[in-house]
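S.K.: Sequence:
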Amino acid sequence: MTGVDSCYFVIYAVVLCEMGSLLMVVSGINALGAIALFVILLIQKDKHTKFNNARRVHRA
Numbered sequence: 001m002t003g004v005d006s007c008y009f010v011i012y013a014v015v016l017c018e019m020g021s022l023l024m025v026v027s028g029i030n031a032l033g034a035i036a037l038f039v040i041l042l043i044q045k046d047k048h049t050k051f052n053n054a055r056r057v058h059r060a
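When we follow UniProt numbering, the leftmost residue of the sequence shown carries the number 1, and every step to the right adds one.
Since the hints were made in silico from the structure, they are not lab data.
Just so you know, not all the hints are guaranteed correct.
Claimed, not checked - So the derived label-pair ranges between C-beta atoms look like this: (1) Tyr-8 x Ile-43: 51 to 57 Å; (2) Lys-45 x Tyr-12: 47 to 53 Å; (3) Val-14 x Ala-34: 58 to 64 Å.
For every residue, glycine included, the Cβ atom is placed at its ideal position computed from N, Cα and C.
Sequences and hints are given; from them, build the entire structure.
M.R.: Printed below as a string of structure tokens:
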């Protein structure tokens, strides 16, 4: 019975380890997505700023 219990413990430990690495990968993907969204927002804001500045210069 002890051998069976230790086998379950090893399987449980391996599953937890794999889940931890999977969560690390998922959090890395989420971080990359957040960085990409931030860059896209900065680019869009920069385009709007340039457009508004061009309109102001053109009116003057």
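S.K.: So which hints don't hold here, by number, going up?
M.R.: 3
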